[in-house]
Structure formats: structure tokens, C-alpha cells
Amino acid sequence: MKLTKMMLTTTALTVAAGAAFAEGHGSMADSMTVVSWGGAYQNSQVKAYVEPYVEMNEGLEVVTDESSAEAVTKLRAMSEAGNITWDVVDVVAADAMRLCDEGLALEIDPDTMLADAPDGTKASEDFGDLIVSECFIPQIVYSTTFGYRTDLLDTAPTSVCDIFDTETFPGKRALEKRPIGNMEWALICDGVAIEDVYDTLETEEGVQRAFAKLDTIKDDVVWWSAGAETPQLLADGEVTIGSTYNGRLFSAIAEQGQPIGMLWDWQMFDLDGWIIPAGLPADREARALDFVKFATDTQRLADQAKYISYGPARASSAPLVGQHAELGIEMAPHMPTDPNNAQNTFLFNYDWWASYRDDLDAQYQAWLLQ
Amino acid sequence: MADTTTDGPMLAADGTPLKQSLARALRRQKIRALMLTAPLLIFVLVSFIMPIGSMLMRSIQNTAGTEYVPDILPNVVAELEEWDPTTGELPSEAAFKAMIIDFQVAFENKQHTQLGRRFNYETPGMSSLFRKSGRKVSRMDVAEITDAKAALLDVDEDWGNLQYWATIKANSGYYTSSYYMAAFDAERTIEGVQMKDPDQRIYQKLMLRTLWLSGLITFCTLAIGYPVAWLLADLPLRTSNLLMILVLLPFWTSLLVRTSAWKILLQEQGVINDIWIALGFSDRLSLINNQLGVVIAMTHILLPFMILPLYSVMKTIPPSYLRAAKSLGATNTTAFLRVYFPQTTPGIGAGALLVFILAVGYFITPELVGGADGTFISNRIYFQFSTLGNWGLAAALGTIMLAVVLLLYYVYDKLVGIDNVKLG
Numbered sequence: 045m046k047l048t049k050m051m052l053t054t055t056a057l058t059v060a061a062g063a064a065f066a067e068g069h070g071s072m073a074d075s076m077t078v079v080s081w082g083g084a085y086q087n088s089q090v091k092a093y094v095e096p097y098v099e100m101n102e103g104l105e106v107v108t109d110e111s112s113a114e115a116v117t118k119l120r121a122m123s124e125a126g127n128i129t130w131d132v133v134d135v136v137a138a139d140a141m142r143l144c145d146e147g148l149a150l151e152i153d154p155d156t157m158l159a160d161a162p163d164g165t166k167a168s169e170d171f172g173d174l175i176v177s178e179c180f181i182p183q184i185v186y187s188t189t190f191g192y193r194t195d196l197l198d199t200a201p202t203s204v205c206d207i208f209d210t211e212t213f214p215g216k217r218a219l220e221k222r223p224i225g226n227m228e229w230a231l232i233c234d235g236v237a238i239e240d241v242y243d244t245l246e247t248e249e250g251v252q253r254a255f256a257k258l259d260t261i262k263d264d265v266v267w268w269s270a271g272a273e274t275p276q277l278l279a280d281g282e283v284t285i286g287s288t289y290n291g292r293l294f295s296a297i298a299e300q301g302q303p304i305g306m307l308w309d310w311q312m313f314d315l316d317g318w319i320i321p322a323g324l325p326a327d328r329e330a331r332a333l334d335f336v337k338f339a340t341d342t343q344r345l346a347d348q349a350k351y352i353s354y355g356p357a358r359a360s361s362a363p364l365v366g367q368h369a370e371l372g373i374e375m376a377p378h379m380p381t382d383p384n385n386a387q388n389t390f391l392f393n394y395d396w397w398a399s400y401r402d403d404l405d406a407q408y409q410a411w412l413l414q
Numbered sequence: 055m056a057d058t059t060t061d062g063p064m065l066a067a068d069g070t071p072l073k074q075s076l077a078r079a080l081r082r083q084k085i086r087a088l089m090l091t092a093p094l095l096i097f098v099l100v101s102f103i104m105p106i107g108s109m110l111m112r113s114i115q116n117t118a119g120t121e122y123v124p125d126i127l128p129n130v131v132a133e134l135e136e137w138d139p140t141t142g143e144l145p146s147e148a149a150f151k152a153m154i155i156d157f158q159v160a161f162e163n164k165q166h167t168q169l170g171r172r173f174n175y176e177t178p179g180m181s182s183l184f185r186k187s188g189r190k191v192s193r194m195d196v197a198e199i200t201d202a203k204a205a206l207l208d209v210d211e212d213w214g215n216l217q218y219w220a221t222i223k224a225n226s227g228y229y230t231s232s233y234y235m236a237a238f239d240a241e242r243t244i245e246g247v248q249m250k251d252p253d254q255r256i257y258q259k260l261m262l263r264t265l266w267l268s269g270l271i272t273f274c275t276l277a278i279g280y281p282v283a284w285l286l287a288d289l290p291l292r293t294s295n296l297l298m299i300l301v302l303l304p305f306w307t308s309l310l311v312r313t314s315a316w317k318i319l320l321q322e323q324g325v326i327n328d329i330w331i332a333l334g335f336s337d338r339l340s341l342i343n344n345q346l347g348v349v350i351a352m353t354h355i356l357l358p359f360m361i362l363p364l365y366s367v368m369k370t371i372p373p374s375y376l377r378a379a380k381s382l383g384a385t386n387t388t389a390f391l392r393v394y395f396p397q398t399t400p401g402i403g404a405g406a407l408l409v410f411i412l413a414v415g416y417f418i419t420p421e422l423v424g425g426a427d428g429t430f431i432s433n434r435i436y437f438q439f440s441t442l443g444n445w446g447l448a449a450a451l452g453t454i455m456l457a458v459v460l461l462l463y464y465v466y467d468k469l470v471g472i473d474n475v476k477l478g
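These protein sequence lines map, in sequence, to chains A and B. Okay, so the first sequence: first residue is 45 according to the working numbering, each after it adds one. Okay, so the second sequence: first residue is 55 according to the working numbering, each after it adds one.
Worth flagging that the hints you see were computed from the coordinates, not collected in a lab. Cβ coordinates follow ideal geometry from the N, Cα and C atoms, glycine included. There's no promise every hint is true.
Taking lysine-lysine pairs in the DSS-like style, the calculated list, with each CA pair at most 30 Å apart, reads [unchecked claim]: (1) B:K151 x B:K186; (2) B:K164 x A:K337; (3) B:K186 x A:K118; (4) B:K250 x A:K262; (5) A:K118 x B:K164; (6) B:K186 x A:K262.
Label pairs and their calculated CB-CB ranges [said to hold, decoys possible]: (7) B:E245 x A:A237: 34 to 40 Å; (8) B:Y464 x A:D395: 45 to 51 Å; (9) A:N388 x B:Y464: 56 to 62 Å.
Bound-form chain B, shown alone (with noise of 0.2 Å):
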């Protein structure tokens, strides 16, 4: 009987195994602990990754409107299979006659001009092309036409250009590179993808322009904020918290608020440039609407997310440290380079990680004070968004500078380890 007992499995008070009994126990609070986290987890999913997935996906698809390109051009797609643009000969009759086919039912639905919109953003004038064709076109009979390709040159002889049908023929998967080979500057000619012409490379310029104006910024945070940071950190209770409400005040204020008071201070004809010339100086200085406007309005905007994680790390660094440092014999210098310094280093990279990935991302001050050499990339973005109605490459450009961003974040990881920063 001692022997069963010992030999066989432990068994809990009900009988089962107290193994299996563990494990469920072990379930049910994991399932609890996954409802409790469910609502957080739904907000992240439907708000943030599912936004970001359908914007990964819309760099890519092809579409024109709601339905994919070869869904509205079956025929075409199938006909220009076989057909090779650098021959530099047009396309088959039959690829003109499943033209006139597909443009048809196209137009049928509307989307004939959503078509041309899509082509148009790589060659200029298909939008146009297919615009004008449209009724003229849907009243041709298919069945009644011996020579297509003439019958389309007679609506339109752009349709006898080349480079058309190669872009047609260049878009006719469901997925596409085009909006990527924009977002990088380059063009699809006859011969293949050419990069542009160095001064026409105007995303590469706004994406070094973005990151570089966002590293000074960055930089000018940080000179500023941390002497402010450890004054607060330094003073008494009484007058440290009387300084933070200086801080904190224009944080809570809005944001077009304080970028319009900048413009105020710093135009020709301001408050800055008044005081200038009442001192002597005889040429007013251009300080907004240039690249020097950005940084002064960002520096200041940005700079409570500097002060606020510095100010909590050199809140928790005891300041005996430093007088055991100068009774040691350390002056004044060394004893901040070699004692302070080092332990305030995790606020650095909270705040200078924070500024900097805002400040990647701004879109506002840039454009209200930024003139012609001082927007965004995410300026471009919104126009490509919102005004030409360039989803496709919109979503590309926010992809790359998402990858950016990432690729920066891995950097800054392996130089100064993510673990060390700390935000209090």
C-alpha cells in the first residue's frame, strides 16, 4: 500500500493530479490577468497597429480608387504580357483593341479617371490623356472596329505614346514598387529605374533636413535644459517648485499659441527686430520663415520633454556625492565630469530620445514658421495626403521614416543601451 502511494503521481485534495491541478490554477490566472490587459490590448491593436498595418499595405498596393489596377484592365494586363517597352514599338493591335474593351467597362463605373490619376503619378499628362478619352471611347462599338490602334490615336495620339503604355505595362500587378521608387527619388524611364536629377531629389533633401534640423534641435534642448534641470534639482523644495510651474506653464499652453507668439517676436516688422534697430543696427534680421525660425520655435516648444526626465534623474543623484568628490580633492570640473555628469547620462537619453523622435515627427510649427528651407518631411506628407491625393506615396514616405526612426532607436540601443535610459 506505501509503496502505490509513493510510486504514483501527488494528488491534490479533489483527487487529480496535483501536476494538472497546478497547471490550471496556473491558466486561470494568466487568462485573468490577459482580460485584465484585454481593453489596453484591443485600444493598441485597432488604434495603433492596425492604422500602421493598412498604411504599410497602401505603399504598396496598386490601386486606382477602391479596386486594383489589373482588376480594371484584365485584357490589357494579359495582352502586354508578352510585350517589351525597349524595342521601342507600340504595343500589339490586340493590346489597343482589350484598351478600348477594358476602358469601356471603366468608364462604365467611373473609374476611368481614377485610372488616369493613378497612372499620372508617375507620367505626367495620362491623367489628362484618360480624362478626354473617356466619352469618346465608351461610344466606340467593339465589335464594329477592324483597326484599333488607330481608332484610339484618332480619339487621343497620345495613346501612340511610348512611354504610356510602358508605365501601363510597369503597373500591371496587384503590387507595386512605383510609390517607394518616388519616396527615394528615383523614376521609371523606358530603359529602367534612373535616380533624378540631383536637384529634382527632393525627399532625400527633406529627410536629411528633417533629421539634421531635429538633431540640433535635439542638441539645443539639451544645452539649454540641463542647466535649468539641475537648478531645479539643486534648490530647495520651495522655490525648485516655483521654477517648475516656469517650466511646466508654456507646456500647458497650446501649441499654436506659442508658435504664433513666436511669430510675433521674430518677424521683420516684430518685437525682436524693433529692439535691433532701436539699438543702433541698421538691418533688420531675418530670424522666421527660415530653417533658424524652426529651431528657435522647436528648441522651445520641445524643451519641457528635455527638462522634465532630466530633472528626475538628478533628483535621485544625493548631492554628497559631489561634496565627497571636491573633499577628495576634485575641482569644481572634474568632479562634474567624473562624478555628476556620468549619473545623469539615462536623463540625457530619455530626453534626448524623446525630443528627437518628436521633433522627427512634427508637422505644425515646422509649417507655420519653416518658409521654403525650414519644413518636414511629414509637411510633404500631408500635402501629398491631403491635397493631390497620393495615399500610395504618402504611406510610403511615413513607412521609410517609420524605418528611420526604428533603425536610429537600434543605434542609440547598442551605443548607450536602452536599459540605462530612464525617465525617473
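Here chain A stands alone, though its shape is the one from the complex (with noise of 0.2 Å):
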């Protein structure tokens, strides 16, 4: 405890001193640290967003960090040693929920800290829905969907209930080791309506037909806890059919060459986007929403696309969404969001799963040990 105190005491007086000598320089700090989930994923946020920030602003130091999937815990850790050493933090919608009830995120208006859009509309407008919490800035829209092996299954699965059929589609699946998604697919493919789901899953009896359904290929999964993991499983040819995020699917397929197919049949749709830690100091906090303002406009969010096939969050981008940085292919058929691939799509319920997972977790835990 003691230790973690000191060291953090430490960080904070080189970033004291940072500050202290962005105070000569105007009123914004000349260091910023900015959080997300490292891989292909934070490396397009660092050729679309930082690099030109970076360019704009001379001298500014841009510290890279790879916790968010720890976002929420090490933020209350910051906050209750009173030293918060993050200035923009990547996380998605239901994280920025709990930091924006917790008071661990800064609230923001989008119409006066966000940029227009091109044609004048309004940010709030621009992003319409997507802003779910007062603190979140949206930036993407990402699903969680199936790939599968196209060489090794003699029919391409159609359907996501195509997963419960082992028949047809021999091999094993990857799926992810907690029940988010895998109770809703479940019982999709047991016949519920999908404006039934959560109401089924509410109930004692909704939770025994998921893992029932689950039970017919409970033999036949490798539980995945790490997204680059099914890709790998893919490639090995461990499974033939499995679920990640939709970015690291395409990846393996349009990058790496595999024989990968794209299962879009009821993906689920999750938003990823920016916050600001509360109560920083407050020439970091002009730096971090200076940043965000540049990072999330019209054109910064259509040029991520051209690295990672996750569809921007304003509805002005979508148009300027182009090619491939390097392979020079066309974006939009990748991204989720497109008519294509979005036929039959279902958004996570963050309000939901707040209040149900650790209850439904402690149940899916039971079950994959019985």
C-alpha cells in the first residue's frame, strides 16, 4: 500500500514538474498519457489521432498506456490516493457509465468541448444516440462476432445458431470465458425474440435454457479470455468457428491472408470512446479535452477506419470513410456497421448487465466447472 503511495507520489512530481513547465509555455500541459487497449487497435489511434496532434503541437510528449481493460478498478485506486496520473482514458460505453456515476469522469457537453461536424450540425446531433453517459465522448462502433474457418467446413455457416450445430459444422468453437453474449446467442437460438432476451434472463428458468443450450457444445469449446486469442485458434486450426472482436477478424483475414470467413449474424454491437479522469490539474485537463476535441472530429474519426474496420461514431463520417492505409482495399464493406453485415445486430445492454453480471458471472463460473 505504502509502496504504491510512494510510487505514485514519485510519478506525480515528474508530472508536477511537467506541468510546472507548461505553465511558461501557455496554459495547456506539455505531457499527456493517454490509455487504451494496446494492440492493432491503440496503433490506430496513434496514426489517426496522436501523431498529428502531435505534429500541430510542438513539444507535447504523448505517454502511451495499455490498462484500459483495467480502466475502472486502477481509477479508483488513483482516485482514493488522490493522485490521477491519466489524462484520456479508452474504455467502452458501460465502464464510462460506471466512471460517470462514480464521479471518476469528467462530464462533458458535447455541443461546446466536441467539434462540429463539416456541414455545421451539431455534435450532440452528429454522434445522436451514442452518447450514453454525460462523460462518454463515443469515437467507435465495434461488434463482437463470429469467424470461421473457410477451408475446413465443407458449408459456410449463415446463421449464429449454425455455432450449436456440430453436425454441419464439425470442429471445435472459441467463445468467450463469461456469459455476456453467450446467454443472449444462446437463447436467440433457443427460439426467444430478441426483445425478449433480457427479460428471459431475468428469470430463474431463462438462465437454465441458456446454459442448456450452451450444455449441447460444452464439450466442444476452448473458452477465450484474451481477444487476439481466437484469431490464433483460427489459424491453428484448434477451432473452426469462434468469436472475437470484429477488428481482430480482419486482421487475420484482409492482413494476415487467412482462410477466415465473416459470420455477421446477430453481432453484437458494443461503443468504445474517450472519458477524461475527474478533478485533474487544470492546465491537463485543457490539454485532454484540446486532444479529444481534435481526435474525435469529423475527419480524425473517418481516418481511423483506414486502419481498423471499426465504423466511426459520428454519422458525418461514415461518407468519408475510405481505403485500407496500406492494403489500399475498401473500408466500408469491413465494418460492422454496414447495411451488409448489419441484418441482424443487437446493442449490449450496459444497464442491464450492470446490475445482473456479478450475479449471472458467479452462476456461468458454476456452471463451466460442473
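Combine both chains into one complex, guided by the hints.
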């Protein structure tokens, strides 16, 4: 405990020194820590946002951190220690809502703090429904969906329920080692209407029904906990079908040329975006706000799609999505939001999972142990 | 004159009594010794005893965020004191009013969601109730409310849920037993504390599995390590040094590299299965993502911890003993069982204890190769800590694990005797 506090203090001193230096140069800090998920995703952010931003602001030092998966617990600990070392944090919408409710994230007024679309549309309208929390600055729409080996399966799966058909589609499946997504798919394939899924899951019978459906393939499942595992399992031929984030599958297909096909049926949408921790010193907060305003303008969001197949969160960015920066292929058909891919989709219900996650997760783990 | 010198205390050269002078010298020596060990003592205190102490405390403190629950809900706690949930009736009007008052303060301090999260660990649904009620309750004017119960039920009908109020009442002290209850797979209902359904008891299962697999791994390392250590101790120094490097080389390789290597070897499309198929067998073996994979990978990883103490003990046993036994007519088996083996038990004791305790707390290997049925309790502790943020439960599970290991150590001491354990 003491030790971490001491370490935090030293970091604070360094940051404070940086801040003092900044005051001589105007009101914005000269260094900024950007936290994200690492991998191809963070690379796309560095190329599309950070590099052009640093070019515009000479002398700015940007530190990158890959702790987004633990953003909530770490920010809580930082706030308890009274010492926040992060400036801009990339989180999923559910985490943004939690952080906002707990007062750990800064509230944002999109119309004054974020850029308008080039045609003058207000930011709040441009982002629309995707602003799910007062602290959340939407960035991308991504989905959790399935990829399959085109060479190992005789027929290509077309429905998410083909996951449960081990006769027509032999081989193991990769599924995430948590209930989110799996429970919904199990119920959909057991004949529950999409609008009743969460009501059904709220009942004990509904949960048992989902488990019963998953039981039919339990012995054929390899469970993953990191998004990078599925592309690897697919590439090794360990599994023939597996779920993961669509961007990971895109890079396996388009960048590495793996014989993998996309199964978009009932893909689960989720949002990802920025938050700024509450209680930053004024100069650092000003820097973070300035960066975020730049990084979420129409052109920048469209630029990110050159590097990874996640859909930009602004309506005005969609027409600007062009070709992949290195491969030169059209990106639009690879977007989860493309009309051809988005025939059957559902939005991950943050609110519902916020309440039932602890409980369902315990039941899910108990089910895994049986 | 001569009488006074013999009766009075013996004096040192400077005239102080000898006893006093000696005591002072000894004290100085002790202080010097203490000063020399001070860096270690402080290090142990700061990096070991304090974190463990704070972990023990976390498992019983009833906090939401940084504050204790009764400090956030002082009025509610006072009003619920008289209330008995077993009557099946909701708390009094005064309790509802107290809830509005406390809730508004908590909302102001952004504590209402933390509070909801705290109660949600026990009763699902409370987190969303607290979160959703936040704004609406904060806008109420307490002075004007005549029927607080109706007002809260108007905000959300879940405020009429008896179980929710029972949970609040059960957790209104500064300290709570609820994390330990959860860790022992019990739950609190309105009727009292009950065990969960047998197929919902995950922590007992994980705890037993962790102990059983760790024991199995310890046995495997012993079975494989014993002959190797004997060979190493028996061979001439030049050859044995070379072999020793082979034992130590994996020891110096990164844990992750070794675990990933096992993944490549054991997976269904992996090296071993390919050879298996090439030999003419038709079914591929499931060697990984299950308990078997964990046992194989961890036996390999922990092997040096068994071989090294065994080797250092065997090195001290003179080979002449075995020769003497045989020249006196013992068969090979008798000589080994009655002469050699008893002398190696201190090494076995040390190795087994080291491997077992390391295995019980292992985390990364079960996570990577364990699949669904090969995970350990440590994986669950990590998940509670970093993903769900339930530090209280993580601390309770950690404390139980610590107690179990100490208990085993005690039993071990009684059976084998810790004095008989030798690292060399």
C-alpha cells in the first residue's frame, strides 16, 4: 500500500514538474498520458489521432499506456490515492457509465467541448444516440461476432445458431469465458425473440434455458479471455468457428491472409470512446479536452477507419471512410455497421448487465465447473 | 576495609558496578544488531506484513468506495435498528424518509452508485436501483414529503422489495461477515444464512480442486525429480554439472515462454497430436485446456524446485553407506528402502513443501492452459479483484487460502517435523 503510494508520489512529482514547465508555455500541459487497449487498435489511434496532433503541437510529449481493460479499478485506486496520472482514457461504454456515476470521469457538454460536423451539425446530433453517458465521448462502434475457417468447413455457416450445430459444422468453437454475449446467443438460438432476451435472462428458468442450450456444445468449446486468442486458434485450426472482436478478425483475414470468413449474423454491437478523469489539474484538463476535440472530429474518426475496421461513431464520418492505409482495399464492406453486415444485430445492454453481471457471472463460472 | 570490598558490588574499571556496565555493553550490542537488521525488518513490514494486514482488513470492512456504509447511511441505519425483516413487512415510514435524506447526501458526494454496487454483491438488482434512482431522489424536497414510502415507490417500485431492505439492514455495521459468507458459498436470505445450491458452490469446488491438483503436481514432480536428483548426485562432477545446466536452463527461461511452448506442443493440431496421428491412431487427444494440461505444464515448470533441494540433500549422503549395506547382505531394494531413502526425506520434505505452496498460488499457467475445468482459486481471486472490483471477496478468498496453507504447514510440521526439512 505504502509502496504504491510512494511510487505514485514520485510519478506525481514528475508530472508536477512537467506541469510547472507548461505554465511558462501557456495554459496546456506539455505531456499527456493516453490510455487504450494496445495492439492494432491502439496503433490505429496513434496513427490517426496522436501523430497528427503532436505535429500540430510541437514539444508535446505523449505517453501511451495499455491498461484500458482495468481502467475502472485503476481509476478508483488512483482517485483513492488522490493522484491521477492518466489524462485521456479509452473505455467501453459500460465502463464510462460506471466511472461517470461514481464521479471519476469529467462530464462533457458535446456542443461546446466537441467539434461540430463540417456542415455545421452540432456534435450532440452528429453522435446522436451513441452518447450513452454524460462523460462519454463516443469514438467507434465495434462488434463481437464470429469468424470461421473457410477451408475446414464444407458449408459456410450463415446463422449464429450454426454454432450449436456440430454435425453440419464439425470442429471446436471458441467462445468467451464470460456470460455476456453467449447467454444472449444461446437464447436467440433456443427460439427466444430478440426483444424478450433480457426479460427471459432475468428469470431463473431463462438462465437455466440458456445454460441448457450451451450445454449442447460445452464439450466442443475452447474458452478465451483475451480477444487475440480466437484469431490464433482459428489460424492453428484448433477451432473452426470462434467469436471475437470484428477488427481482430479483419486483421487476420485482410492483413495476414488467413482462410477465415466472417459470420455477421446477430453480431453484438458495443461502443468505445474516450473519457477524461475528473479532478485533473487545470492545465492537464485543458490539454486533454483539446486533444479529445481534435481526435473526435469528423475527419479524424474517418481516418481511424483506414487502419482498423471499426465504424466511426459520427454519422458525418461514414461517407468519408475510404481505403485501408496500406492495403488499399475498401474499408466500408468490412465495417460492422455496413448494411450488408448489419442485417441482424443487437446492442449489448449495458444497463442490464451492470446489475446482473456479478450474479450471472458467478452462475456461469459454476456452470463451467460442472 | 577488606570487608567493605567483598560485601559491596563488584566495580568495573570506571567505578560503575560491573553488572550495570555489562548490561549496558550488552544493550549496545543488541541495538547495533537491531540496526543492522533494520533494513530487512522495515522491508518485511512495509512490503509484506502491511499489505497482508490491509488485505485481512478489507475482507471484513463494510465499505462502499472509501467510506464505511453506516457513515453514508447514518439515519437509515438508526431507523432500521428496530425493524425485523422476518415479519415480512416493509420498514417504517421513518426509514423511508431517512433513506431519502441519506440518499440525497450520498448523491451529492457521488457515492450512491458505490453504495448500490456494495449491496449488489449480495443482492443482484440493487446496483441498478441505486443508479436509476439517483437523479430523481436528489430532486425531492424532503420538507414537503408527506408520504416518503409512496414517494420512493413512485421513483422505482423496487424500493418495495423486502429482500433489498433486509440486505441493507444486514450490512449496516462497520464490519461485515458477508464476504466470508460468499467465499464459503453461503448466502443471506430473509430467513437467515443458508448454503447455496450444491451446483452453485463454486468456491468450495475451486478450493478443493486447487488443493487436489497442487498435491498431484507435487507428487508428479517428486516421481520425476527423485531419480534425476539421484543421478545428478551420483555422477562424477563433470557430467553432473552438464546435466545440472539442463535442469536449470528451463528454470531461467521465462514462465510465459514455457507455458506457450506447452500450448504449441499439446494442442489438438499440435506437435504431439500430429505424431500420434502419424503413428496410426485416429482420434486426436485433448491434452490442453483441461486439468491434464495444467498438471503437465506445471509439473514441468515446478520441477527444478523439487530437484534442487533433493540434489543438495543427496549430495551429502556418502555412497559408502549403500555399499556397506550391500556388503552386509542387503538386496538393492532393501538397501535403497532402509538405508538411502530415509536419509533423503529431509530433501523430499523441503521439495514437496516448496512445490506445493508455489502450486497453490499459481496463476498464469492455469489461466493460459486450464480451460474451463483447470482453473485455480487464484484465477477467480484475480477476476474478482480486477474485473468485478469486489476487493472484499477477493480479500476473503485470499485470507482463507492463507489460512489453509498455514494449517497444512502446521499438520506437516506435526507429521514430518519442520526441523527435518533441509534445503541443503
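Results for each hint:
| no. | hint | in the structure |
| --- | --- | --- |
| 1 | B:K151 x B:K186 | holds (18 Å) |
| 2 | B:K164 x A:K337 | holds (26 Å) |
| 3 | B:K186 x A:K118 | holds (24 Å) |
| 4 | B:K250 x A:K262 | holds (24 Å) |
| 5 | A:K118 x B:K164 | holds (18 Å) |
| 6 | B:K186 x A:K262 | violated (36 Å) |
| 7 | B:E245 x A:A237: 34 to 40 Å | holds (36 Å) |
| 8 | B:Y464 x A:D395: 45 to 51 Å | holds (49 Å) |
| 9 | A:N388 x B:Y464: 56 to 62 Å | holds (59 Å) |
In this structure, the one hint that does not hold is number 6.
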